[in-house]
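Colleague: What follows is each chain in one-letter form.
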Amino acid sequence: MSERLSLLSSVRGHGDPAADVYDEHPPRMGFFTDTSLCIGCKACEVACKEWNRVPEDGLNFTGMSFDNSEGLSADTWRHVAFIEQRKPVGDSQANFQHTGATVELDSDFRWLMSSDVCKHCTDAACLDVCPTGALFRTEFGTVVVQEDICNGCGYCVPACPYGVIGKREDDGRVWKCTLCYDRLGEGMEPACAKACPTNSIQFGELDELRVRAAGRVEQLQQAGVLDVRLYGEDPGDGVGGDGAFFLLLDEPEVYGLPPDPIATTHDLPRMWRNAAIAAAGLLGAVGASFAGRR
Amino acid sequence: MVAEAEFTSYYGRPIVKEPTWQALDIAGYLFLGGLAGASSTLAAGAQLSGRPGLARPLKLGAAGAISLSLVALVRDLGRPARFLNMLRVFKPTSPMSVGVWILSAYAPAAGVAALAELVPLGRLSPLAKLGTAGAALIGPAVASYTGVLIANTATPAWHEGHREMPFVFVGSAASAAAGLGLLGAPLVENAPAQRLAVIGALAEITAVRLLERRVGIVAETYHRGHAGTLMRSAEALTLAGLAGASLTGRRSRFGAAVSGAALLAASACARFGIFEAGRESARDPKYTVVPQRERMQAERP
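Chains as they are written, first to last, in my numbering: chain A, 1 to 294; chain B, 295 to 595.
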């Protein structure tokens with residue numbers, strides 16, 4: 001399983017990462033987090049902590065709106081971001097049809113909320129750089145750490161272009177979202193999606209989620225909501241597309257997401273080539289140092 | 295001076311995570327590993343050209359440096375007892391995995407070459423020759439792969455300079471090994487160390503300049519704060535060591551030793567400076583967002 005490592009897991013535009021490892025496997029599963037539906041209740045954060053027995057890591061007052069978990073880390077696998085903006089929610093002339101009632105929107109203030117999570121990248125840098133094979137690709141196409149193998153080298157931490165995976169200090173190993181691998185095996189949906197009261201977190205087959213997301217973008221655009229975009233759904237992006245993608249209402253960096261993340265392993269062939277040239281150069285330089293009379 | 299770049303962020307919080315590695319362990323390893331690798335190669339040349347007085351300190355230094363490196367690398371693990379889990383797999387996509395296998399071949403060879411120096415006539419034994427030759431051939435890989443190790447991360451100061459980093463690292467390693475040679479060898483034998491000092495120092499200075507030009511706005515992290523101090527010290531010490539080695543390296547034993555020490559210190563400063571610049575670049579979301587936005591604009595105007 002994890003022993004069967006693909007040498008080039010980072011070939012661009014390959015949408016079925018589990019196929020590199022398994023002859024037969026279930027469809028790729030993932031999350032579509034529709035932030036336009038998020039109400040900032042943090043049920044996902046709580047459900048994740050409870051189900052996965054993630055340790056408490058501080059109940060802080062951050063001053064960052066209602067955010068008190070700050071960001072994804074070894075002990076925060078779902079993080080709800082809160083952004084307060086002086087921007088209209090939608091076209092200021094538009095009327096929102098909301099549970100039958102018509103709401104007149106004349107405010108120029110909006111509150112964005114978004115539940116962030118591990119992206120379970122198609123080209124996962126954390127998995128690529130893991131020197132022990134502790135990080136592996138599951139049959140569902142997700143990326144999971146095997147905690148009985150991880151030796152805490154920490155390479156995956158700076159490798160992740162989203163800053164997701166982190167080291168648990170008192171434990172020494174790295175931890176992140178498993179997309180509830182244990183629940184998936186039993187045919188259950190992940191704890192966060194199960195707990196989400198507004199269906200902002202949608203779990204399912206990735207292909208189906210992409211279709212659903214495209215429909216939702218169209219719907220919101222017709223309703224006059226500005227700046228609607230999908231993030232991480234494109235298999236042509238720098239990480240080969242995310243297994244957990246998002247509908248955002250502003251630029252990714254507003255939510256603390258990188259605008260154009262890449263799995264740096266894509267540059268690895270060039271890096272190895274330059275390292276080989278440099279090593280040969282060193283041999284040559286030493287040889288040249290002995291060319292002389294003394 | 296360029297104007298402050300405009301960018302947005304989530305309350306100024308970092309996007310990527312800074313490395314959890316300890317500077318003493320990992321920047322220390324980048325220095326010691328480079329020193330060891332290049333020293334082994336220089337030592338073999340010294341032995342082949344009949345300079346045992348140059349070969350000896352280099353072999354002993356290489357074995358000492360790589361032993362300290364292994365201690366630092368294991369100590370930096372979150373679970374040091376699981377060090378051997380590194381040997382479960384070989385993954386070309388993981389520079390750390392490749393490095394572990396390079397070190398597994400290099401360290402015993404460097405150890406044998408050094409041990410033989412401590413036994414009378416030991417270096418003439420076939421095993422010692424094999425160790426010396428093996429360490430000399432694998433040494434350059436030890437010195438250069440670490441450039442890929444840190445560049446294959448999302449840390450902006452490291453990855454944006456991924457093309458130049460292996461050249462910076464071998465230049466720094468060559469200059470450090472030359473420094474060790476100047477420090478430890480008798481005057482009559484130190485000419486190759488002096489020549490390597492010139493090549494290594496010039497290569498390092500050039501490669502650092504190219505890297506700083508390539509990384510754009512991220513170059514700030516190499517110029518400011520603690521990293522800036524270290525990088526400036528590295529360059530000053532390199533130039534001082536270079537001048538000292540050229541002017542007094544063949545006439546004064548004291549001059550050669552001081553120049554050698556300056557080159558060793560320069561290499562250490564450069565590695566700690568690059569390490570610090572990486573950490574700094576990960577802490578500020580500007581260095582993640584601005585280069586990515588620039589890349590997006592260049593690709594999709």
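Just so you know, the hints here were simulated from the structure itself, not pulled from any lab data. Think of the CB as a built atom: it goes at the ideal place given N, C-alpha and C, for glycine as much as any other residue. Where hints are given, some of them may not hold.
Take a look, some chain A residues computed to stay more than 10 Å from chain B by CB distance [claimed, not checked]:
1) Cys130
2) Gly133
3) Arg173
4) Arg229
Short derived list, chain B residues pointing at chain A, Cβ under 8 Å [said to hold, decoys possible]:
5) Val442
6) Gly494
7) Ala576
Across the chosen pairs, the derived CB separations fall in these ranges [what the hints assert, rightly or not]:
8) B:Leu318 x A:Glu205: 30 to 38 Å
9) B:Gly358 x A:Gly58: 21 to 29 Å
10) B:His520 x A:Gly15: 38 to 46 Å
Colleague: So, for every hint listed, does it hold in this structure?
Modeller: Do the hints match the structure? See the list:
With a least CB separation of 6 Å from chain B, Cys130 (chain A) falls inside the 10 Å interface cut-off, contrary to its annotation. Taking the minimum C-beta to C-beta distance to chain B, about 4 Å, the non-interface status of Gly133 (chain A) is violated against the 10 Å cut. The Cβ of Arg173 (chain A) does not lie farther than 10 Å from every Cβ of chain B; its closest approach is about 5 Å, which violates its non-interface assignment. Residue placement check: Arg229 (chain A) keeps its beta carbon more than 10 Å from all beta carbons of chain B (closest about 13 Å).
For Val442 (chain B), the suggested interface contact is upheld, since its CB lies about 4 Å from the closest CB of chain A, less than 8 Å. A hinted interface residue such as Gly494 (chain B) counts as satisfied when its beta carbon comes closer than 8 Å to some beta carbon of chain A; here the least separation is about 7 Å, so the hint holds. Below 8 Å, beta-carbon pairs count as interface contacts, and Ala576 (chain B) has one with chain A at about 7 Å; its hint therefore holds. A hinted range of 30 to 38 Å is violated for the C-beta pair Leu318 (chain B) and Glu205 (chain A), which are about 48 Å apart.
Take Gly358 (chain B) and Gly58 (chain A): their Cβ atoms lie about 43 Å apart, and the range 21 to 29 Å is violated. Between His520 (chain B) and Gly15 (chain A), the C-beta spacing of about 44 Å keeps the proposed range 38 to 46 Å intact.
Checked against the numbered hints given earlier, this structure breaks hints 1, 2, 3, 8, 9; the rest are met.
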